Amino acid sequence: MVDASQPRGPKPRKRLSRGNIMLYGTLIVVAMYYALPLYVMIVTSLKGMPEIRMGNVFSPPVEITFQPWVKAWSEACTGINCDGLSRGFWNSVQILVPSVFLSIIIASINGYALANWRFKGADVFFTILILGAFIPYQVMLYPIVIILREMGLYGSLWGLVLVHTVFGMPILTLLFRNYFTAIPEELFKAARVDGAGFWGIYFRIMLPMSLPIFVVAMILQVTGIWNDFLFGVIYTRPEIYPMTVQLNNIVNSVQGVKEYNVNMAATLLTGLVPLTIYFVSGKLFVRGIAAGAVKG
Amino acid sequence: MATSPGTSKRPMRLLRNLNAKIASIPMVATALVIFVGCTLWTVVYSFTDSKLLPRLNFVGFDQYDRLWGTRRWLVSIENLAWYGVCSLILTLVIGFTLAALLDRKVRFENTFRTILLYPFALSFIVTGLVWQWILNPDFGVQQVVRDWGWTSFTFDPLYNPDIVIFGILIAGIWQGSGLIMVIMLAGLRGIDEDIWKAARVDGIPTWKTYVVVIIPMMRPVFVTALVLIASGIVKVYDLVVAQTSGGPGIASEVPAKYVYDKMFASQNLAQGFAASTMMLVSVIIILIPWAYLEFGGKKRG
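Protein chains in written order, with my numbering: chain A, 4 to 299; chain B, 182 to 482.
These are computed hints drawn from the structure, not numbers from a lab. Mixed in with the good hints there might be a few duds.
As the list claims (entries may be wrong) - Straight-line Cα separation of at most 25 Å, BS3-like style, residue types lysine-lysine; simulated pairs: (1) B:K416 to B:K286; (2) B:K202 to B:K286; (3) A:K74 to A:K261; (4) B:K389 to A:K192; (5) B:K232 to B:K416; (6) B:K389 to A:K123; (7) A:K286 to B:K286.
If you're wondering where the values come from, they're calculated on a predicted model, not measured in any experiment.
Just chain A, with the same shape it has in the complex:
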């Protein structure tokens, strides 16, 4: 990635001026710095322990081994369970799928209602919702434990799904509301004249027109939920800990000899899901965070 960044080839006007060399030089050094941790993760996870003890974190592997990956995935221990990160991975998938689905459906309908069917008081609730996104989660953690316990969901996957749905709402509702507001109102009015109702317009006009924003919302939610640690550790129990929580427990466990290569393989495995989404989705990812950030 980095090596392709030499200022070569035809370029209008000055190409190898001192300014340009400085510019590209700075950028390449900075890019190398940012890429370094990824490199370290990969390199460490492919080394054997003896090699790690002899060298340093940056030295490339002499003898490539995939043993750390196998061990991280299927043998690493957390507490009494020794079936590796695969357990956490499947837990995360089970949490992720319903959470993403539920939160996006609810938020899109909500955003649609706010954009096209405004009723008295809607703005007040919407403002509370947006301001709520700024409240530190710590303030709401314990009462939610009580609510979940009353519902019989505390410590279950579905409890966590509900929590993710709730805390995903501000940003997603905002995202959808803004998107639907930008759709020409004439379209909506024409459908009304033709006799389409609330759900009819949503399913037949709004939904098909807004696939890009659904993808953006999905990227946002998948990354966010996959990377969550706080909710996972509080609202589930050890057997169903999501991958991120399990990763931390594996790496930071105080028992036994530290196996840095297994740790880095585990770290990389956990990071692989959001990284894949990021590298595949590219511009849409940027659009998602920009939409979330600019008026967050």
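Knowing the structure of chain A, use the given hints to seat chain B on it.
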């Protein structure tokens, strides 16, 4: 917030808009029960002596007195202050500088941007664990420099209580600065080309154009970035848990971790409630000036 492009709609009757109201139930419930209800609940219970279970036995400001008399909390606040100030300044400076560099019609801009932003896709746990490894004194940066021949070189921020918070800062900035760069870049792209032309005609040097013309024009972008960074700082938790677990000793504790430990580890609920209420207060202190700046001048938000 974007407002509806068309003219305002006719007020609709209660029943005809029933579907919209049904669709908004999740939003209303979240807003009222979770955001308002749970917050108030915690604030109220922070004035009680709840230990293992919440109970309404009011003790006034006792919990807050105890909180501000606890060394661990004071260390947490001090850490957050250092982390906050440094992270705010450095992220803004780095984010803007990188954006400005990328805005100079750079080739391979997409490649650079992809590399600078990927850390943001990673969780704080992953970030913390990687940097814990890189900063490991036996195998990481310190050892590398020693191998080069500078044998007395010491750089072990995660094992030195005096500078441990800066070790966390390194990881935090690595993770978050890409986002700010993207926001700044979007802001820079929104600036009219003519401004640059005018500056060039007037013979103003590039750096001066940035400082005198561009940055003042990007005030809203800076404010957004500022709020974004600030509200992230208060929540710092995972990063510390992954990188140091608050150690060595209590040297890298942060408020969010204090809250978690009091509530879920040491059965001292009300103490955790009081600490989280203080976090809420600090967010409000950050938000009010922002809301005032953003919406104060206009009639409606």
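Hint check results:
1. B:K416 to B:K286: violated, 36 Å
2. B:K202 to B:K286: violated, 49 Å
3. A:K74 to A:K261: Measuring from Cα to Cα gives roughly 13 Å; hence the hint holds.
4. B:K389 to A:K192: violated, 51 Å
5. B:K232 to B:K416: holds, 24 Å
6. B:K389 to A:K123: Distance ~50 Å between K389 of chain B and K123 of chain A Cα, so the pair is violated.
7. A:K286 to B:K286: holds, 18 Å
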